[in-house]
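S.K.: Spelled out from the first residue to the last, the chains are:
2 protein chains.
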Amino acid sequence: MLEDKNQSKTSLAELGEFGLINHITKYFKVEHKSTVKAVGDDAAVLDASELQTLVTTDLLIEGVHFDLSYMPLKHLGYKAVMVNLSDVYAMNGKAEQITVSIAVSNRFPLEAIEELYAGIQLACDTYKVDLVGGDTTSSTKGMLISVTAIGKADKEDIVYRSGAKETDLIVVSGDLGAAYLGLQVLEREKQVFKVDPNNQPDLDNYTYLIERQLKPEARKDISGLLKELEVKPTSMIDISDGLSSELFHICTQSKVGCKIYEDKLPLDPQVISTCEEFELDSTMVALSGGEDYELLFTVPISDFDKVKANPNFSIIGHITAENQGLQLITRANQEIELKAQGWNGLKNN
Amino acid sequence: MLEDKNQSKTSLAELGEFGLINHITKYFKVEHKSTVKAVGDDAAVLDASELQTLVTTDLLIEGVHFDLSYMPLKHLGYKAVMVNLSDVYAMNGKAEQITVSIAVSNRFPLEAIEELYAGIQLACDTYKVDLVGGDTTSSTKGMLISVTAIGKADKEDIVYRSGAKETDLIVVSGDLGAAYLGLQVLEREKQVFKVDPNNQPDLDNYTYLIERQLKPEARKDISGLLKELEVKPTSMIDISDGLSSELFHICTQSKVGCKIYEDKLPLDPQVISTCEEFELDSTMVALSGGEDYELLFTVPISDFDKVKANPNFSIIGHITAENQGLQLITRANQEIELKAQGWNGLKNN
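If you read the protein sequences in the order shown, they are chains A and B. The first sequence maps to residues 1 to 349 in UniProt numbering. The second sequence maps to residues 1 to 349 in UniProt numbering.
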C-alpha cells in the first residue's frame with residue numbers, strides 16, 4: 001500500500017517537524033485531570049496528587065519487532081501503545097498518559113504516519129489514555145516507535161514481581177500462545193505471496209491467532225476484576241516474552257521456585273489445531289511464544305475459591321521453595337525443568 | 001575504535017537482553033526518595049507527593065543526530081541525557097529520573113554499550129538523576145537512543161512557553177552558536193581525515209566549540225539562580241533548535257511579538273573568530289545554530305535591575321504586541337523579520 005504511486009502523497013520534508021507534530025496531535029483530546037499540560041511545551045506536566053506514578057517504556061523497531069509487509073500501520077500504532085499499557089496494568093496501576101516518539105525514513109509519506117497515529121489514537125480513546133508528548137524525527141532506515149506510558153496507583157495497590165510466597169497459586173488471565181502462532185501464519189503467507197502474488201490466502205481458521213498478533217489488547221480489566229473478587233496478587237507481571245521467561249522473573253525476584261502443570265495451560269482451540277498443522281508442541285508454544293500480553297500473577301492459596309471458577313483466570317500451578325527450581329509437570333506426570341526461552345530481541349537478530 | 005579487531009570483545013547476542021540489562025544497570029544507584037522502584041519490574045514507581053510531575057522525551061539516531069566517527073560513545077550517552085534534562089529545567093523543574101531505551105546493531109560489542117552507559121551514568125551522577133527503566137533491543141542498522149526524563153516542580157513554580165507579556169524582557173543564559181560551530185569544525189576534520197588519515201588536527205583554537213557540541217551541559221543552575229534573584233520568568237524554553245525557532249515557540253504560544261537586538265546576542269570569542277574563518281555570519285549562527293541547551297526566558301520589565309548585571313544572563317530584547325511580529329534589529333539599526341530556521345531533523349535528511 002505504501003508503495004502505491006497512483007495516490008498523491010504528502011512528503012514529510014514538506015511539512016517539517018513542527019508541522020508534523022501539530023498535524024498528528026491535533027485530534028488527541030485530554031481525558032485526565034492528572035494531565036495538567038500535554039503536548040506543546042518542553043515537558044508534559046502531570047499531577048498524581050497523593051498517588052504513586054508508574055513509568056514504563058518500550059521500543060519497537062521495523063525488521064526486529066514488526067514487519068510492515070503484514071502489519072498494517074494502524075495496528076502497529078495500536079500495538080505499540082498496548083505493549084506499554086500492559087506493563088502499567090501488570091503493576092496493578094491505571095495507565096493515564098503516554099509519550100510517543102517515532103523515527104521514519106523518507107520512504108514514508110504523511111499518509112502513512114497518519115495511519116500509524118490513527119492506531120495510537122484508537123488505543124488512547126479505547127483505553128482512556130492521554131498523549132502528552134513525544135519526538136518525531138527522520139531515520140536513515142525504516143521506522144521505529146518508542147512509547148513511554150505513565151500510570152498511577154495507590155501505594156497499597158501496587159503489585160511488584162517480588163512478592164510471591166511459597167504455596168501461592170499461579171494464575172494467568174486469558175489464553176497463551178495465540179499471538180506467536182498468528183505470527184507463524186503471517187510469516188507463512190508472506191512466503192506464499194512471494195512465490196505467487198495472486199494467491200488469495202484463506203485465513204478463516206486463524207482469525208483469532210492473527211488478531212492476537214496484530215491487535216493485542218492489554219488487560220486493563222484485570223485490576224478491577226481482582227478488586228471485585230477482593231483478591232490482591234502477591235506478585236504480577238505481563239506476558240510479553242513468554243510464560244517461562246515471566247515465571248523466571250517472578251521466581252528470581254521473589255526468591256522462590258514454582259511448579260506448573262502442562263494440562264492446566266489455557267489454550268484456545270485454534271492454538272491446538274494450528275499447532276497440529278504446523279507440527280509444533282502446543283506446550284512449548286504456550287511457554288515460549290510471547291506477545292500474549294496477558295497477566296501472570298500469584299495469589300495466596302486462601303484465595304483459591306475466589307479465583308477458581310472465574311472464566312477470566314486459569315490456575316496453572318503453585319509457588320514452591322527456591323531450591324525446588326522451576327518445574328513443569330507434564331501430562332505424563334514427569335517433572336521437567338523450565339528454561340527461560342522467551343523471545344530475545346538481541347539473540348534473534 | 002569500535003572496529004579494532006585486536007581487542008577481545010563480548011558479543012551482545014552472547015549476553016542476551018536480560019544479561020545486558022543487568023550488566024548496564026548494576027552500577028546505577030538510586031538518589032531520590034521519589035524513586036520508589038527503579039529498574040527491574042514492569043514499570044518504575046515514583047512518588048512526587050504533592051508536586052507536579054514533568055515528563056519529556058527525545059530520540060537520537062545515528063546518522064541523523066550524531067556521527068560516531070567523531071562523537072565518542074561516552075559523550076553520546078552524556079549528551080542524550082542532557083538533551084532531556086534541559087527540557088525539564090526549561091519548565092523550571094527539578095529532573096529526578098530518566099528511562100533510557102537503546103537499539104544497537106550487532107556491529108557494536110558489549111564494550112561499546114558500556115562506554116555509552118558510562119556517559120549516561122556520569123550524567124546521572126553529576127545531575128543527580130536516577131535511571132529507572134528502559135528497553136534494550138537490536139536494530140537492523142546503527143544505534144539509537146530514546147530517553148525520557150521525569151522531573152517535578154511545585155505547581156506555582158512551573159514556567160510554560162505561553163506566559164510572555166508585552167514589555168517583558170527577553171533573556172538568554174550563557175552564549176549562543178558554539179555547539180553549531182563545533183559541529184562544523186568536527187565535520188571539516190572528518191573530511192580532512194578521509195583524505196589524509198595521518199594528519200593530526202590542531203584543535204586548540206576550537207576547544208570551547210567542540211566541548212559545547214560533544215559535551216553540552218544542561219542549565220540545572222538557572223532555576224536556583226532565578227530563585228535567589230527573586231525572579232520568576234513569565235515564559236521559558238530551552239535552546240535546542242536555535243534561538244529563532246525558540247522565539248517563535250514562545251511568541252506563538254504567548255500570542256505576542258518580539259524585538260531582539262543583534263548587538264546583544266551573547267557570543268564567545270571563539271565563535272566570532274571561527275565564524276570569520278568559516279566565512280559565516282555570527283548572527284545567523286547564533287539565531288539558527290541550535291544545540292546550545294541554554295535557556296531562553298522572559299521576565300517582567302520591573303525585574304531589569306535584578307537581571308542586568310548577572311554574568312549568567314544577557315538581555316537580548318523585549319516582547320512586543322503580536323501584530324508587530326518577530327524582529328531583529330541589526331547593528332545598522334535595520335529591522336529584519338525573523339524566520340524560524342532552526343535545525344529540522346525531518347528536512348535535513
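Since the hints were made in silico from the structure, they are not lab data. Hints should not be assumed to be uniformly reliable.
Which copy is meant is left open, so a pair is good if it fits within one copy or across any two.
Stated by the list, open to error - Derived DSS-like pairs: lysine-lysine, alpha-carbon spacing no greater than 27 Å straight-line:
hint: 1; residue 1: Lys-33; residue 2: Lys-155
hint: 2; residue 1: Lys-26; residue 2: Lys-165
hint: 3; residue 1: Lys-9; residue 2: Lys-259
hint: 4; residue 1: Lys-308; residue 2: Lys-128
hint: 5; residue 1: Lys-128; residue 2: Lys-259
hint: 6; residue 1: Lys-306; residue 2: Lys-194
hint: 7; residue 1: Lys-259; residue 2: Lys-339
hint: 8; residue 1: Lys-190; residue 2: Lys-128
hint: 9; residue 1: Lys-255; residue 2: Lys-26
hint: 10; residue 1: Lys-26; residue 2: Lys-155
hint: 11; residue 1: Lys-26; residue 2: Lys-339
hint: 12; residue 1: Lys-308; residue 2: Lys-9
hint: 13; residue 1: Lys-227; residue 2: Lys-339
hint: 14; residue 1: Lys-194; residue 2: Lys-259
hint: 15; residue 1: Lys-215; residue 2: Lys-74
hint: 16; residue 1: Lys-255; residue 2: Lys-33
hint: 17; residue 1: Lys-232; residue 2: Lys-74
hint: 18; residue 1: Lys-306; residue 2: Lys-33
hint: 19; residue 1: Lys-339; residue 2: Lys-155
hint: 20; residue 1: Lys-141; residue 2: Lys-255
hint: 21; residue 1: Lys-190; residue 2: Lys-306
hint: 22; residue 1: Lys-220; residue 2: Lys-194
hint: 23; residue 1: Lys-155; residue 2: Lys-128
hint: 24; residue 1: Lys-194; residue 2: Lys-141
hint: 25; residue 1: Lys-227; residue 2: Lys-194
hint: 26; residue 1: Lys-255; residue 2: Lys-29
hint: 27; residue 1: Lys-308; residue 2: Lys-29
hint: 28; residue 1: Lys-220; residue 2: Lys-308
hint: 29; residue 1: Lys-308; residue 2: Lys-74
S.K.: Given identical chains, is Lys-232 near Lys-74, meaning Cα to Cα at most 27 Å, within a copy, between copies, both, or neither?
M.R.: Result: close neither inside a copy nor across copies, 35 Å intra and 44 Å inter.
S.K.: Can you give me the call for Lys-306 and Lys-194, within, between, both or neither, at a CA distance of at most 27 Å?
M.R.: Cα proximity of Lys-306 and Lys-194: none, with 51 Å in one copy and 71 Å across.
S.K.: For Lys-155 vs Lys-128, is the C-alpha pair at or below 27 Å within one copy, between two copies, both, or neither?
M.R.: both (22 Å within a copy, 24 Å between copies)
S.K.: With identical chains treated as interchangeable, where does the CA-CA distance between Lys-227 and Lys-194 reach 27 Å or less: within a copy, between copies, both, or neither?
M.R.: neither (50 Å within a copy, 65 Å between copies)
S.K.: At most 27 Å between CA atoms: does that hold for Lys-308 and Lys-74 within a copy, between copies, both, or neither?
M.R.: neither (37 Å within a copy, 53 Å between copies)
S.K.: How would you classify Lys-308 and Lys-29 at a CA-CA limit of 27 Å: within, between, both, or neither?
M.R.: Intra 40 Å, inter 42 Å, cutoff 27 Å: neither.
S.K.: If the cut is 27 Å between Cα atoms, do Lys-227 and Lys-339 qualify within a copy, between copies, both or neither?
M.R.: This pair counts as neither: shortest intra-copy Cα distance 33 Å, inter-copy 56 Å.
S.K.: When no copy is specified for Lys-255 and Lys-33, does a C-alpha distance of 27 Å or less occur within a copy, between copies, both, or neither?
M.R.: between (39 Å within a copy, 25 Å between copies)
S.K.: Within a copy, between copies, both or neither: which one fits Lys-190 and Lys-128 at a CA-CA cutoff of 27 Å?
M.R.: neither (35 Å within a copy, 49 Å between copies)
S.K.: At most 27 Å between C-alpha atoms: does Lys-308 with Lys-128 qualify within a copy, between copies, both, or neither?
M.R.: Answer is neither; intra-copy 30 Å and inter-copy 48 Å both fail.
S.K.: Could you figure out if Lys-259 and Lys-339 sit no more than 27 Å apart (CA to CA) within one copy, between two copies, both or neither?
M.R.: Within one copy only: 13 Å inside a chain, 66 Å across chains, cut-off 27 Å.
S.K.: Measure nothing new, just compare the shortest in-copy and cross-copy C-alpha distances for Lys-255 and Lys-26 to 27 Å and report within, between, both or neither.
M.R.: For Lys-255 and Lys-26, only the inter-copy Cα distance (19 Å) is at most 27 Å; the intra-copy one is 48 Å.
The structure does not agree with the numbered hints 3, 4, 5, 6, 8, 12, 13, 14, 17, 18, 19, 20, 21, 22, 25, 27, 29 stated previously, though it agrees with the rest.
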